[in-house]
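Visitor: Residue numbers (our numbering), protein chains in the order written: chain S, 664 to 778; chain C, 236 to 349.
Because the hints were derived from the structure by calculation, they are not lab data. Computed from a predicted model, the values in this text were never measured in an experiment. One or more hints might be untrue.
[What the hints assert, rightly or not] Cross-link-like lysine-lysine pairs, in silico, DSS-like; alpha carbons within 30 Å at most: (1) K341/C to K304/C; (2) K720/S to K674/S; (3) K303/C to K341/C; (4) K293/C to K348/C; (5) K303/C to K293/C; (6) K674/S to K734/S; (7) K341/C to K720/S; (8) K341/C to K677/S; (9) K344/C to K303/C; (10) K677/S to K720/S; (11) K674/S to K341/C; (12) K674/S to K348/C.
[Stated by the list, open to error] Interface residues of chain S toward chain C, partial, derived using beta-carbon atoms under 7 Å: (13) L702; (14) Q704; (15) G705; (16) P706; (17) L754; (18) R764; (19) F769; (20) G770; (21) S771; (22) G772.
Backbone N, C-alpha and C define an ideal beta-carbon position, used for all residues, glycine too.
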Amino acid sequence: DTGVSQDPRHKITKRGQNVTFRCDPISEHNRLYWYRQTLGQGPEFLTYFQNEAQLEKSRLLSDRFSAERPKGSFSTLEIQRTEQGDSAMYLCASSSGQGVRNGYTFGSGTRLTVV
Amino acid sequence: AQSVTQLGSHVSVSEGALVLLRCNYSSSVPPYLFWYVQYPNQGLQLLLKYTSAATLVKGINGFEAEFKKSETSFHLTKPSAHMSDAAEYFCAVSDLGSQGNLIFGKGTKLSVKP
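Make a model of the complete structure from these sequences and hints.
Guide: Okay, here's the thing in structure tokens:
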């Protein structure tokens, strides 16, 4: 078990381009979360999966954002038509069935810079 | 709505001195509470958690926190700071209206002087 893996670690893209990030959770964890962290702020919740089902989406997740978790394993987060305001660290976390009670294991994040 | 307030965006201590990072929460019922640490360009690592058992919680790296319901506080302490403790620390509370949401404070950056 190597923890939660995120790829890529850094992404620089031009405004208007689409980007996709990948998260591989801890293999026995059935819950997966995406958070966004901007400079000087704490992480903000984006969305949550239990197995392959997306159970919650934050109002921060505009229609340009989409997340999937096919087969309940890895997850992808896609941002279409990126804007400069999308520049942030995107964090993935996973947990077991106890969910929030146990706390989450976070990955190292993908830092997105939109130029 | 629940919220977390971390007093002091930046705290500086000398090596060997007491570390005290403050966290106050707002919740209508006792929540689950967490402290995470983040090193530069890294994700968040769980330091400790309060889940309605003992009010004094011990975590990794010599840190501990005390849940005080009357003060709605969950301050993080360490008796003696080490240079390796320099990082950003986040307090978080479970969102009662959500199954997947932790609400984080804005963080406190800890600097340790030699």
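Visitor: Against each hint, give a clear statement of whether it holds in the structure.
Guide: Hint by hint, here is what the structure shows:
no.: 1; hint: K341/C to K304/C; result: 21 Å, holds
no.: 2; hint: K720/S to K674/S; result: 24 Å, holds
no.: 3; hint: K303/C to K341/C; result: 21 Å, holds
no.: 4; hint: K293/C to K348/C; result: 24 Å, holds
no.: 5; hint: K303/C to K293/C; result: 15 Å, holds
no.: 6; hint: K674/S to K734/S; result: 26 Å, holds
no.: 7; hint: K341/C to K720/S; result: 21 Å, holds
no.: 8; hint: K341/C to K677/S; result: 28 Å, holds
no.: 9; hint: K344/C to K303/C; result: 23 Å, holds
no.: 10; hint: K677/S to K720/S; result: 26 Å, holds
no.: 11; hint: K674/S to K341/C; result: 24 Å, holds
no.: 12; hint: K674/S to K348/C; result: 34 Å, violated
no.: 13; hint: L702; result: 11 Å, violated
no.: 14; hint: Q704; result: 6 Å, holds
no.: 15; hint: G705; result: 3 Å, holds
no.: 16; hint: P706; result: 5 Å, holds
no.: 17; hint: L754; result: 6 Å, holds
no.: 18; hint: R764; result: 5 Å, holds
no.: 19; hint: F769; result: 4 Å, holds
no.: 20; hint: G770; result: 5 Å, holds
no.: 21; hint: S771; result: 5 Å, holds
no.: 22; hint: G772; result: 5 Å, holds
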